[in-house]
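Novice: In case you want the letters, here they are:
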Amino acid sequence: MATATAPQLSVQQTDELGRELDAIRKLVLADLGEQDADYIRSVIRLQRKFELAGRGLLFFGFIPPAWLGGVAALSLSKILDNMEIGHNVMHGQYDWTKDPELDGRSFEWDSACPSDHWRHSHNYIHHTYTNIVGKDRDVGYGVLRMSEHQPWRLYYLGNPLYAALLAIFFQYGVALHDLEVDRIVAGEITVGEKREQLEAVGRKVGRQTLKDYVLFPLLSGPSAPLVFAGNASANLLRNLWAFTTIFCGHFPDGTIQFTELQTSEETRGDWYYRQMLGSADVEGGKLFHILSGNLSHQIEHHLFPDLPSSRYAEIAVQVREICERHGIAYNVGGLGKQFGSVVRKIARLALPD
Amino acid sequence: MTVIPFPPARLRSPASRLLRSGLLDALAAPHGIESYLELLHPSFSPRDSRAHIAGIRHSGAGSATLTLVPNERWNGFRAGQFVRLTVEVDGVRETRCYSPACEERSGGDIEITVKAHRAGKVSRYLHEHAHPGMTVRLSDGEGDFVLAPERPARLLLISSGSGITPVMSILRTLCAERHSGAVTFLHYAPTPREVVYRQELAALAAEHRNVQIVLAYTREAVAGQLAGHISGDHLQRVARDYHDAHTYVCGAPGLIGWVRSRWAEEGIERLLRIESFRPPSFASARTSAAAGVVHFSRSDEQVCDDGRSLLEQAEHAGLRPQFGCRMGICRICTCRKTAGSVRNVLSGEISGPAEEDIQLCVSVPVENVELAL
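Sequence order for the protein chains is A and B.
Just so we're aligned: 14 in the numbering used here is position 14 of the first sequence, and the numbers increase by one with no gaps anywhere.
Just so we're aligned: 38 in the numbering used here is position 38 of the second sequence, and the numbers increase by one with no gaps anywhere.
No lab work stands behind these hints, which were simulated from the structure alone.
We treat Cβ as the ideally placed atom computed from N, Cα and C, and that holds for glycine.
Don't take each hint at face value.
[Said to hold, decoys possible] A partial selection of chain A residues facing chain B, derived with a Cβ cut-off under 10 angstroms: (1) L52; (2) D99; (3) E108; (4) D110; (5) S115; (6) Y156; (7) F339; (8) V343.
Whenever a hint applies, use it, and build me the whole structure from the sequences.
Specialist: Right, dumping it as structure tokens:
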């Protein structure tokens, strides 16, 4: 199957698109207030309660239902922390509150990846150069072949295996993301250039490991192995969930990757258009959207990365209407359909075209 | 309404020792133990100083006096200093500076008076929404308008309008300490009705023989009191020895301007301390016409200098820099200037062109300026 190509819009059309989307943004910005601040704080409070419940229940991990409940609560805590809270707060979605705890520049999340690195690799690189092969490092994370624009090599035969490993160890994959290990291996940059970042990753991984795999198990005394296993399970479930929702954002059938040449002279309207073509939404209920950090509204998130994620659902209605009017395909489907097509793509691209 | 403190006093000190230990922080990483404790009670915060409102008195003149009970992280204030009070208005945290009028203390209740301004976001919010039990964020005392620890033998306090509060704090502190040096307190108000602490001032003067209180009214002649704005004549009548006095002045720009130039003329500025509670007038402070360009490098925005403060120009350009007092005292809006000279409208001082931190709210460009915003 050939790479999908973008329907061409005229300059007037993309300009109009830019104006319409800017207008949506302005209206939402003007409407932000107490309810938005209350919302994110209520999610944070909920996350803290899941965290306490998870740690508490695992303490009694020798009782099987307590162990299962503990893993569930701790997984939910980590998922909420990374997705709806961390990812969105670090985008600066709540900077307008002037609350230091919601400050995008200083927020730290419960993940192996230092938040400063994330802000660079994700907020800047991925959101600016979305789906431009060779610039957006989220296309394949330096290990996978996720686009026909990436020339096939023998190495890519392992595509499904690499993807499975990335899913299992996702937080560590994210932690290594900004180190650009693949470019170090290729000799494009040296380890020395990345030393400071490497040390920061080491410190963050150290703190996370100390907490989940040393201190909490030790504190539980004889239940230590159970607490260790519970914490590992919670981290694993969070990893699998994050991988699933994130890979549904830009790789389902119908999403388009771009070359540097195609995007060299973009207007604001063109940029918006690329974000729409390169992203896909996932349908689901309210709970599903919250657990995915509203990345299920990936199109809306990529159009307005710094608007509070809880607004994406209402924005989506307007974006769909704009897409219909301009004849742009709005890529949306259930989790099964979207993730299924991602899995098939990972398998298909393991082989030469 | 009674407010029950949390945790009970007898548990506080061992509990907070444990809370500040490294183990709990390692367990609660990366968010810190505090974010879990807040689930229990909003005013309980081992690192952040907060206070709950214990009482509110509304006075007829459109001002409300709040009694604040700070938590144990609060380190107090010294006579004359201000505290920063932070509340949330429609989801946005807003900070304003208030001078407690009570005597200096290292803990316990403090009182602040909030005057209602129609356009004032925070004052309006406090007037409409403050209620006993509500939690606010409260900073320690700040600012160098402060009574010297070694109390001066001769003191002259001058204030006008709501500028009375820090000066009142100095006076009450001295009286509470039974300070024996001579203190003259000269206060300006439009009419007697607008003097907030009139009865208490009279009582203090009656009780402390070293304290002399003089009220001056600018809009009403009252027998036996001074009339009109500050003048050399007033000074001669009230404190003939003012060149020997440590002088503290807080009030309207006119009063401050007069005192500043008079003290400068007589070469006795080193005895003078000034607190200004109104934004300085930018129009009169400018010496040259606006000409340059202001470049906000992080957001890649650029505006033509319009003569207003850099804070206002940044906001006008659609940026949202942090700010607090907007009058050059709290330093919340401090920002890195990467190029160009600016003038501090409070001091008149012109900075060098080098990279440095400046206060946006009281800085205006004198040439092209680049800010890391």
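Novice: Now look at each hint and say whether the structure bears it out.
Specialist: Do the hints match the structure? See the list:
Because the smallest distance between the Cβ of A/L52 and any Cβ of chain B comes to about 6 angstroms, under 10 angstroms, the interface hint for this residue holds. Checking A/D99 against chain B: minimum C-beta separation of about 5 angstroms stays under 10 angstroms; hint holds. Taken as an interface hint, A/E108 checks out: its beta carbon lies about 4 angstroms from the nearest beta carbon of chain B, inside 10 angstroms. Hint status for A/D110: holds, given a least beta-carbon distance of 6 angstroms to chain B, under 10 angstroms.
Of the supplied interface hints, the one on A/S115 holds, with its beta-carbon coming within about 8 angstroms of a beta-carbon of chain B, less than 10 angstroms. Taking 10 angstroms as the C-beta contact cut-off toward chain B, the hint placing A/Y156 at the interface is violated, the least distance being around 36 angstroms. Contact between A/F339 and chain B, as hinted, is not supported at the beta carbon level, the nearest pair being about 29 angstroms apart and thus beyond 10 angstroms. The beta carbon of A/V343 is not positioned within 10 angstroms of any beta carbon in chain B (closest approach about 33 angstroms), and the interface hint is therefore violated.
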